[in-house]
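Colleague: As given, the protein sequences belong to chains A and B, one line each in that order.
Our numbering numbers the first residue of the first sequence as 1 and each following residue consecutively.
Our numbering numbers the first residue of the second sequence as 1 and each following residue consecutively.
It is possible that some hints are incorrect.
The list cannot tell twin chains apart, which means a pair is met if one copy fits it or any two copies do.
What the hints assert, rightly or not - Cut-off 30 angstroms, straight-line C-alpha distance, at most; resulting in silico cross-link-like pairs (DSBU-like, lysine-lysine): (1) 37 with 17; (2) 40 with 25; (3) 37 with 184; (4) 40 with 17; (5) 361 with 17; (6) 25 with 184.
Worth flagging that the hints you see were computed from the coordinates, not collected in a lab.
Protein chains: 2
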Amino acid sequence: MKKIEKHDQDVIRLHNKQMILEIIKKRRPISRAEITKITKLSPTSVGRIVGELCEQGLVRETALTSVGVGRKAIMLDIDPQAVFTFGVDIGKKVIKFGVMEFSGKLLHEERVEHTALKATPEATAALISETINVIIANKKLDKSRIIGIGIGVPGVIDHDRGIVQYSSTLGWRNIPFAQFIQDKLHILTVIDNDLKVKILAEYLLGSAQGSRKTALIELGTGVGSSLIIDGDIFRGGSNSAGELGHTTLDPNGNMCECGKRGCLQTYIDESAILHEANRIKETADMQQLFAAAQNEENWAQDIISRTSLYIGITINNIVCMYNPDAVILCGDLVENYSEIVPLIEEQCGQVVWEPFRDTFKILTSELKSKSIVVGAAMLVMNNYVDKS
Amino acid sequence: MKKIEKHDQDVIRLHNKQMILEIIKKRRPISRAEITKITKLSPTSVGRIVGELCEQGLVRETALTSVGVGRKAIMLDIDPQAVFTFGVDIGKKVIKFGVMEFSGKLLHEERVEHTALKATPEATAALISETINVIIANKKLDKSRIIGIGIGVPGVIDHDRGIVQYSSTLGWRNIPFAQFIQDKLHILTVIDNDLKVKILAEYLLGSAQGSRKTALIELGTGVGSSLIIDGDIFRGGSNSAGELGHTTLDPNGNMCECGKRGCLQTYIDESAILHEANRIKETADMQQLFAAAQNEENWAQDIISRTSLYIGITINNIVCMYNPDAVILCGDLVENYSEIVPLIEEQCGQVVWEPFRDTFKILTSELKSKSIVVGAAMLVMNNYVDKS
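One chain only, chain A, in its complex shape (with noise of 0.2 angstroms):
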């Protein structure tokens, strides 16, 4: 009973909280007056979240500005270079980086060469910290008005206590991997599965502004997916929602690498496209089987479209499933071979089951290989307004 009267408690104080400074950043300058206008709390409560959002610096007093006859009132701003967060994007074989500040824009990237199966948890943890250490020093950053680091790493993320549960891109298994870079540089770290801040990424800055329920879905070296609510990560029990790649697509199919029968990512991921094109000809990468298409060679143009069709019905049992309004196909098949889109489309209109037909549109999307990094870079940006 307790428990549930506390979180109750903090969940209306931050609602609370979050609604006067987004009305701030929409409205800015604003007076106390008018915030208490449009959120009809009173003024204390209006002046005591007010003061804590001045006092950590997300918001600022500016001028006197005349509002009515003969009276000023002190405006409320904030500050864009109030705080700053940086977004680590771990991949396979690129460590990117992004410096955030408060409006949401980057004002830098950066990218580092590394292997991923061959990298440590500690390694990977040095470069990571020596590369931000970097960064500040040559963009001469206030270290105090940095809040937070949040990362993008492949795999199963327990988001909350800040481990790598398990990610088989990295080759790692229960790496408190938030803590490490946390020892190092005394910044507060978070991290989160690539695919949910990915997503987060379109649904606050990128294509998927608007959608109210938005599912997305990776298709490249990996196959994933994730969906977001209403603004929203949906995680499930254990933070494991969207685990596409090991649901089974035939039953009587491919053996996967997990044990299974049958997984979609035997069917749709990289490895398997060109495991299928080998079988008929030599296809050393990618861009050789869809230049064999673009050359009319049938057996290519065959692979491609039974690629499609499972991705048509990935989609279909994606949009039975969780109903959203928008899909966004991301990933380097689509994002490399946008060819690729028309005939999914086309695809769709056989396999997705009827009454979902005009449910949802297909986007793909906008901040492309930038997405991972700008959402990670959110999602620090969103916690501490929550956590503050």
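Dock chain B against chain A, hints included.
Modeller: Leaving out everything else, chain B in the frame of chain A:
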């Protein structure tokens, strides 16, 4: 902008009201001062909200009680019979009715035979309205205390607008069914998908109490699913999340009535199972199939084992996508032939992706045949407090 702010305020106001009502229900009787202490809301706010609740008749003042040295406080309590709701479950052959009191208890139950596909929406509405009128008269219910009727309907339901968009069980399309009832009885009527109200019932009063993210799988004449997260029914963009029956199990599989190939329902719904059985031996119904299996007839055991495998795969797909902490198996198949449950659990040990194997428990329904009536009645109860 305006809309967002209005929404935010409403959410907070409603949240506070629900919180206070829950506190009174759980700690009855309780004083305003104690509520103020627990909620940390201002005495003015608490007074106003309690006033609203009293005015609605949801809460009443009781005798003075000593709470400290020489002081006496007016205590607040709920009247278990302050309000009533009706829950209605429109099934294939039977319409079930229940009268629920404010405390959540079912006062009275009743069932009426009908034949779904032969009943027009108008005739069904007339039958439901007449039955409710008879119950009101016989049970001498105070009509002014009946706050609403909740109806669980199989199909795609526009819950907000009270429209049955599509129901294959009933053969209805775009029927404003809530309005039909409301016009006859002049009592607020809400309708919702049957599995969505079912999971609400199990969450509030059945086997999923204490689970935070629960998935429900219906197995019987139809196949479907629903999800509830921290008490909120997961609806998707157009209240159609969970349409499991038309997810694709096998891209090269059985033709489905919907025109697609390999839909899950063509493998595990009752007619699909019986169709398979009749290939081998004339089988009138499920009872005969399970009797043959009991009798150690191989063909029957094989069919049941294959069904369990497909249900196991379905559980894997649900768990991968939703990551729930509990999965409730419902419907005639598991309720009438519970010997299949251990077979399904055994299959899950094989076909659920390894990282998820220990993340959820498999439950069966506690409320069984009452669950839709209970959930539909609770839907109105929740809704009423929401709207007041």
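Colleague: Check the structure against each numbered hint from earlier and tell me which ones fail, lowest number first.
Modeller: Going through the list in order, the structure violates hints 3, 5, 6 and respects the others.
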